[in-house]
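Chemist: Working from the sequences, and respecting the hints, build out all of it.
Listed below are the residues making up each chain.
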Amino acid sequence: MSAATTVGTIGRRLPRNLVLGAFLLAAWVVLATCGPLLLGSPSAMDLLHALRPPSLTFPFGTDNLGRGIFTRVVWGAHIDLEIGLFTVLPAFFIGSTLGLLAGYFGGVIETVVMRLVDIAVAFPFLVIVIAIVAVLGPGLGNMYIAVAMVGWVSYARITRAETLLAKRLEYAEAARLLGLPDRRVLLRHLLPNVIPQAVIYASSDVILGIFLGSSLGFLGLGAQPPSPEWGLIIADGYSFVDRAPWISAFPGLAIVLLAISFSLFGDGLADLLRPETRR
Amino acid sequence: MIRYILRRLVMLVPVAVGITMVVFLLVRLIPGDPARTLLGIHATPELVAAMRAHLGLDRPLWVQYLIFVRHLAAGDFGHSYYYGEAISQLVLTHLGPTLVLIAYSVVLTLVIALPAGLLAAVRRDQAADHLVRIGAVVGVGLPSYWIGFMLILLLAVTIPIFPVAGYGTGFPSHLFDLFLPALTIAINLAPLVLRALRASLMEALASGYIDTARAKGLPRRVVLLGHALPNAIVPAVTVLGLNIGYLVGSTVIVETVFAVPGLGQLMINSIGTRDYPVIQAVTLVLGVLVVLVNLATDLMQLLLDPRVRREVA
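Just so you know, the protein sequences line up as chains Y and R, in that order.
Going letter by letter, the first sequence gives residues 10 to 288 in this note's numbering.
Going letter by letter, the second sequence gives residues 47 to 359 in this note's numbering.
Heads up, a few of these hints could be off.
[As the list claims (entries may be wrong)] So the derived list for chain R, only partly shown, Cβ under 10 Å to chain Y, looks like this: (1) Val69; (2) Val146; (3) Pro189; (4) Leu199; (5) Ile290; (6) Gly310; (7) Tyr322; (8) Ile325.
Hints listed in this document are in silico derivations from the structure and should not be mistaken for laboratory results.
Because the structure is a prediction, the values reported are computed rather than measured.
From the three backbone atoms N, C-alpha and C, an ideal C-beta is built for every residue, glycine too.
Modeler: Next comes the structure, spelled out in structure tokens:
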């Protein structure tokens with residue numbers, strides 16, 4: 010609970026799934042940043058080697074334009090990790106800020122924020138994001154806008170609930186009784202105690218963001234061709250399911266591995282930041 | 047209990063207002079002048095002005111909203127730009143396949159989750175339990191458009207049992223053609239349900255009334271299915287209800303993958319043709335669908351669990 014136990018935990022032993030998850034994620038980041046530098050262009054066509062099955066030269070085979078699927082999947086890691094980051098960060102900042110303000114000040118701010126939350130959660134997330142992208146126009150940039158418009162809701166809910174609890178605790182009461190300005194109580198006293206829950210949620214939200222981004226890519230609403238975004242590669246591969254299943258199989262496996270990495274990391278982070286829930 | 051149901055119904059009003067407002071404001075997000083966007087860049091100013099008047103864009107926003115709601119109340123979604131026909135008709139013809147797909151997915155989810163959850167809870171910490179739990183972790187982590195691909199590869203191409211796409215004619219044919227689409231969704235959804243079921247079953251199995259039932263000498267199966275399961279089922283239904291939004295969202299992708307002529311496919315096709323009123327209508331209908339299903343799950347809990355009934359009474 011207290012800061013001391015958390016620090017003590019770090020000093021002694023990190024949760025095993027956190028270490029493994031962090032290691033896997035680090036490997037993904039290295040692959041996504043260095044891989045593209047070592048490999049050729051993801052769009053380099055070679056029609057003489059179209060639809061080749063996996064081999065030594067083409068570890069994941071090639072597509073109908075002779076583009077190496079391995080190269081495209083590695084480049085895609087870069088794009089999809091970026092999608093994870095850009096879908097989560099704006100939602101995290103907007104949502105946490107609104108949640109903190111709503112929980113602390115209550116009144117009109119809280120009513121407005123929570124009514125907006127109620128409305129946003131009434132829609133299926135994917136449907137409302139698709140609808141907004143449909144109106145703004147397909148593409149990654151508009152997808153980020155659409156996700157930010159809806160995704161902040163989860164963070165606002167979490168942070169508000171945490172703030173409501175925290176502001177009644179002694180340290181917060183004491184800070185206010187001392188006559189500290191709201192700004193200082195909020196940023197120095199409440200924020201550090203309230204934000205871990207939002208961070209834990211964000212660590213699992215990243216993979217949901219990547220799922221969403223690749224789903225939209227798959228539907229033709231996110232990344233646009235010839236981008237090697239994984240969902241887009243999988244969509245391309247559907248036409249060749251009977252002749253070249255490797256086109257769609259490998260980017261799918263990549264998403265699954267990335268999802269497992271994030272879920273290990275997220276569970277480990279939850280264990281670390283909420284030591285009391287550890288068995 | 048009647049009062050609780052009435053209260054839940056009254057609570058729908060602000061949500062309905064919210065949903066209609068979002069859907070109404072949605073098309074205001076179109077960059078630039080909607081009238082000009084619709085008519086194209088070569089339209090004359092007079093034509094644009096006429097279109098603005100026709101769409102009611104020259105009135106104040108709140109008047110436009112009230113007109114929008116009045117039309118909705120009359121079941122009038124306007125006309126499709128692309129298909130030319132009334133959108134209400136268009137939505138009705140596409141609603142059926144989506145509803146069948148949703149119901150089918152829920153059934154398959156339960157068909158997978160109930161036995162797997164029971165097995166995992168009874169064989170706790172044994173090989174079967176570990177296997178089910180690993181399967182659950184993987185199942186949640188698979189994107190639906192990729193599950194669809196692998197199912198097509200395995201059960202439609204390599205072993206050609208099911209069709210690659212389509213909806214068929216007649217109910218038995220719908221069920222056959224929608225098997226892979228529904229299974230795709232169930233593979234994503236079942237892990238969530240079975241986790242909840244496993245946890246609540248283990249809790250139930252550890253309670254006193256189970257000891258009593260066992261001590262009475264009841265057969266294992268009766269204890270498990272007759273005593274433990276009815277007590278453990280509610281959290282599983284709750285999890286299913288919480289994920290209805292996710293389920294409805296998945297139908298959009300799965301309908302695209304398997305060419306199911308449902309609302310999701312209508313929506314995606316309408317994006318290509320910039321048929322904004324149709325996108326608006328489908329968003330509204332899917333939103334309302336989720337709200338209604340959530341209501342149904344809440345009421346289902348009343349039906350399933352006398353403890354919940356007492357709580358709300």
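Chemist: None of the hints should be skipped; say for each whether it holds.
Modeler: For each hint, the structure was consulted:
For Val69 (chain R), the interface hint holds, since its Cβ comes within 10 Å of a Cβ in chain Y; the closest pair sits about 8 Å apart. Of the supplied interface hints, the one on Val146 (chain R) is violated, with its beta-carbon coming no nearer than about 18 Å to a beta-carbon of chain Y, more than 10 Å. For the restraint placing Pro189 (chain R) at the interface with chain Y, the shortest Cβ-Cβ distance is roughly 6 Å, inside the 10 Å limit, so the hint holds. Interface restraint check for Leu199 (chain R): the shortest CB-CB distance to chain Y comes to about 5 Å, inside 10 Å, so the restraint holds.
Here the hint on Ile290 (chain R) is kept, as its CB sits about 8 Å from the closest CB of chain Y, short of 10 Å. Hint status for Gly310 (chain R) relative to chain Y: holds, with the closest Cβ pair at about 8 Å, below 10 Å. Evaluation of the Tyr322 (chain R) hint against chain Y yields a held restraint, the C-beta minimum of about 7 Å falling below 10 Å. Proximity of Ile325 (chain R) to chain Y holds as hinted, the smallest CB-CB distance being about 5 Å (cut-off 10 Å).
In terms of the numbered hints stated before, the structure departs from hint 2 and from no other.
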